[in-house]
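Chemist: Spelled out, the chains give:
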Amino acid sequence: AQSVTQPDIHITVSEGASLELRCNYSYGATPYLFWYVQSPGQGLQLLLKYFSGDTLVQGIKGFEAEFKRSQSSFNLRKPSVHWSDAAEYFCAVGARTNAGKSTFGDGTTLTVKP
Amino acid sequence: AAGVIQSPRHLIKEKRETATLKCYPIPRHDTVYWYQQGPGQDPQFLISFYEKMQSDKGSIPDRFSAQQFSDYHSELNMSSLELGDSALYFCASSSDGPPTDTQYFGPGTRLTVL
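Same order as they appear, the protein sequences are chains A and B.
When we follow the working numbering, the leftmost residue of the first sequence carries the number 2, and every step to the right adds one.
When we follow the working numbering, the leftmost residue of the second sequence carries the number 197, and every step to the right adds one.
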């Protein structure tokens, strides 16, 4: 069965600082991996995804993520955080069968200090 | 660009009542997914439909049923509501089809059961 672990429940960074959110997955083969962002009371917005090919994936809002098979990780990074990035971030793994059902991690809440 | 539409956005019901949530996918998307997100929880996959047929089933209670109609919209029917059903219900749609689909999420329906 597929699973996702986001080790950090809550992260606080200063505006302008760099950010890395961790994600580890468990899946029997090469997974489909996603990062979503959710602002309070809002829906999930897709930041980026990895299916195959280049292991460094660029997304929207200046985010990127790197797929590392050897570490079963798909960490999300941003070089300079903006106050508007404060939100909850979910990593998800999608199956390559069964209409792409996604399994989500528990989420990481990002707080940005002025 | 058109997004996934969910209605209603908010719904308040009492225990043992029924509720129907509707999802209108992005035009030309043929796959619909339903997720349930409890307070402070990550989204949990309930059920999905591809070309109007159920394609996968997750942790959906027997009290819930869903279907996808000829115009590809989907409805989630919930009966004998319980307090624990209070959650944010997301619908997502995709067009690539399994197994490489990217899911686009709607804003969610917030169901409160009193």
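These are computed hints drawn from the structure, not numbers from a lab.
We put the CB at the ideal spot given by N, CA and C, even for glycine.
One or more hints might be untrue.
Said to hold, decoys possible - For lysine to any residue, the following SDA-like pairs were computed, each having C-alpha atoms within a straight-line distance of at most 25 angstroms:
#1 B:K253 to A:K62
#2 B:K253 to A:Y28
#3 A:K62 to B:P303
#4 B:K218 to A:Y26
#5 A:K62 to B:A198
#6 B:K218 to A:S40
#7 A:K50 to B:H225
#8 A:K50 to B:K211
#9 A:K62 to B:K209
#10 B:K218 to A:G42
#11 A:K50 to B:K209
#12 B:K211 to B:G234
#13 B:K209 to A:Q43
#14 B:K253 to A:K114
#15 A:K62 to B:T298
#16 A:K69 to B:Y220
#17 B:K218 to A:Y28
#18 B:K209 to A:G44
#19 A:K62 to B:K218
#20 A:K62 to B:I201
#21 A:K62 to B:K211
#22 A:K50 to B:I222
#23 A:K114 to A:L20
Unchecked claim - Across the chosen pairs, the derived CB separations fall in these ranges:
#24 A:P8 to B:S261: 32 to 38 angstroms
#25 B:L279 to A:G17: 40 to 46 angstroms
#26 B:T298 to A:R78: 37 to 43 angstroms
#27 A:D107 to B:I201: 38 to 44 angstroms
#28 B:S275 to A:S73: 24 to 30 angstroms
#29 B:G236 to A:K69: 26 to 32 angstroms
#30 A:I12 to B:K218: 20 to 26 angstroms
#31 A:A30 to B:S261: 38 to 44 angstroms
#32 A:G29 to B:K253: 17 to 23 angstroms
#33 A:R78 to B:K218: 34 to 40 angstroms
As the list claims (entries may be wrong) - Pulled a few chain A residues facing chain B out of the computed Cβ check, cut under 10 angstroms:
#34 F35
#35 L45
#36 P80
#37 V82
Chemist: For each hint, tell me whether it holds in the structure or not.
Modeler: Outcome of the hint check:
Under the criterion of a C-alpha separation no larger than 25 angstroms, the hint pairing K253 (chain B) with K62 (chain A) is inconsistent with the structure, at around 33 angstroms. Between K253 (chain B) and Y28 (chain A) the CA atoms are separated by roughly 19 angstroms; this keeps the pair inside 25 angstroms, and the hint holds. Taking the CA atoms of K62 (chain A) and P303 (chain B), the gap is about 19 angstroms. The hint holds against a cut of 25 angstroms. The suggested pairing of K218 (chain B) with Y26 (chain A) is violated, with an alpha-carbon distance near 32 angstroms, which exceeds 25 angstroms.
At most 25 angstroms may separate the alpha-carbon atoms for a hinted pair to count; K62 (chain A) and A198 (chain B) meet this at roughly 20 angstroms. For the hint linking K218 (chain B) to S40 (chain A), the alpha-carbon distance of about 22 angstroms falls within 25 angstroms, and the restraint holds. Between K50 (chain A) and H225 (chain B) the alpha-carbon distance is near 18 angstroms, which keeps this suggested pair within the 25 angstroms criterion. Under the criterion of a C-alpha separation no larger than 25 angstroms, the hint pairing K50 (chain A) with K211 (chain B) is inconsistent with the structure, at around 39 angstroms.
Distance hint between K62 (chain A) and K209 (chain B) is unfulfilled; the C-alpha atoms sit about 38 angstroms from each other, more than 25 angstroms. A threshold of 25 angstroms between alpha carbons decides the hint, and for K218 (chain B) with G42 (chain A) the separation of about 18 angstroms falls inside it, so the pair holds. Between K50 (chain A) and K209 (chain B), the direct Cα distance comes to roughly 37 angstroms. Violation of the 25 angstroms bound is thereby established for this hinted pair. At roughly 17 angstroms between alpha-carbon atoms, K211 (chain B) and G234 (chain B) fall within 25 angstroms of each other, so this suggested pair holds.
Distance restraint check for K209 (chain B) and Q43 (chain A): the Cα-Cα separation of roughly 21 angstroms lies within the 25 angstroms cut-off, and the hinted pair is therefore satisfied. Restraint check: the Cα-Cα separation between K253 (chain B) and K114 (chain A) comes to about 41 angstroms, which exceeds 25 angstroms; the hinted pair is violated. Annotation: proposed proximity of K62 (chain A) to T298 (chain B) holds, straight-line Cα distance about 18 angstroms (limit 25 angstroms). The straight-line distance between the Cα atoms of K69 (chain A) and Y220 (chain B) is roughly 36 angstroms, outside the 25 angstroms bound, and the hint therefore fails.
As the CA atoms of K218 (chain B) and Y28 (chain A) are separated by approximately 32 angstroms, the hinted pair breaks the 25 angstroms bound. Proposed proximity of K209 (chain B) and G44 (chain A) is supported: the alpha carbons are some 21 angstroms apart, at most 25 angstroms. Our distance criterion of 25 angstroms between C-alpha atoms is broken by K62 (chain A) and K218 (chain B), whose separation comes to about 30 angstroms. About 23 angstroms separates the Cα atoms of K62 (chain A) and I201 (chain B), which keeps this hinted pair within 25 angstroms; it holds.
With a C-alpha separation of about 42 angstroms, the suggested pairing of K62 (chain A) with K211 (chain B) is violated against the 25 angstroms cut-off. In summary, the hint linking K50 (chain A) to I222 (chain B) is supported, as the alpha carbons are separated by about 19 angstroms, within the 25 angstroms threshold. Using a Cα cut-off of 25 angstroms, the hinted pair K114 (chain A) and L20 (chain A) holds, with the two alpha carbons roughly 13 angstroms apart. Distance hint for P8 (chain A) and S261 (chain B): a CB-CB separation of about 37 angstroms, consistent with the stated range 32 to 38 angstroms.
In this structure the hint that L279 (chain B) and G17 (chain A) lie 40 to 46 angstroms apart at CB holds, the actual value being about 44 angstroms. For the pair T298 (chain B) and R78 (chain A), the beta carbons lie near 21 angstroms from each other, so the given range of 37 to 43 angstroms is not met. Between D107 (chain A) and I201 (chain B), the C-beta spacing of about 28 angstroms breaks the proposed range 38 to 44 angstroms. The given range of 24 to 30 angstroms is broken by S275 (chain B) and S73 (chain A), whose C-beta atoms sit roughly 40 angstroms from each other.
Evaluation of the 26 to 32 angstroms hint for G236 (chain B) and K69 (chain A) yields a pass: the beta carbon distance comes to about 29 angstroms. Range check, I12 (chain A) to K218 (chain B): Cβ separation about 36 angstroms, and the 20 to 26 angstroms hint is violated. Taking the beta carbon of each, A30 (chain A) and S261 (chain B) are about 32 angstroms apart, not inside 38 to 44 angstroms as hinted. Look at G29 (chain A) against K253 (chain B): about 20 angstroms separates their beta carbons, and that is inside 17 to 23 angstroms.
For the pair R78 (chain A) and K218 (chain B), the supplied restraint of 34 to 40 angstroms holds, since their beta-carbon distance comes to about 38 angstroms. With a least beta-carbon distance of about 8 angstroms to chain B, the hint placing F35 (chain A) at the interface is held under the 10 angstroms criterion. The beta carbon of L45 (chain A) is positioned within 10 angstroms of a beta carbon in chain B (closest approach about 4 angstroms), and the interface hint is therefore held. The criterion of a C-beta within 10 angstroms of any C-beta in chain B is not met by P80 (chain A), whose closest approach is roughly 25 angstroms, and the hint is violated.
With a cut of 10 angstroms, the hint placing V82 (chain A) at the interface with chain B is violated, because the nearest CB-to-CB distance is about 22 angstroms.
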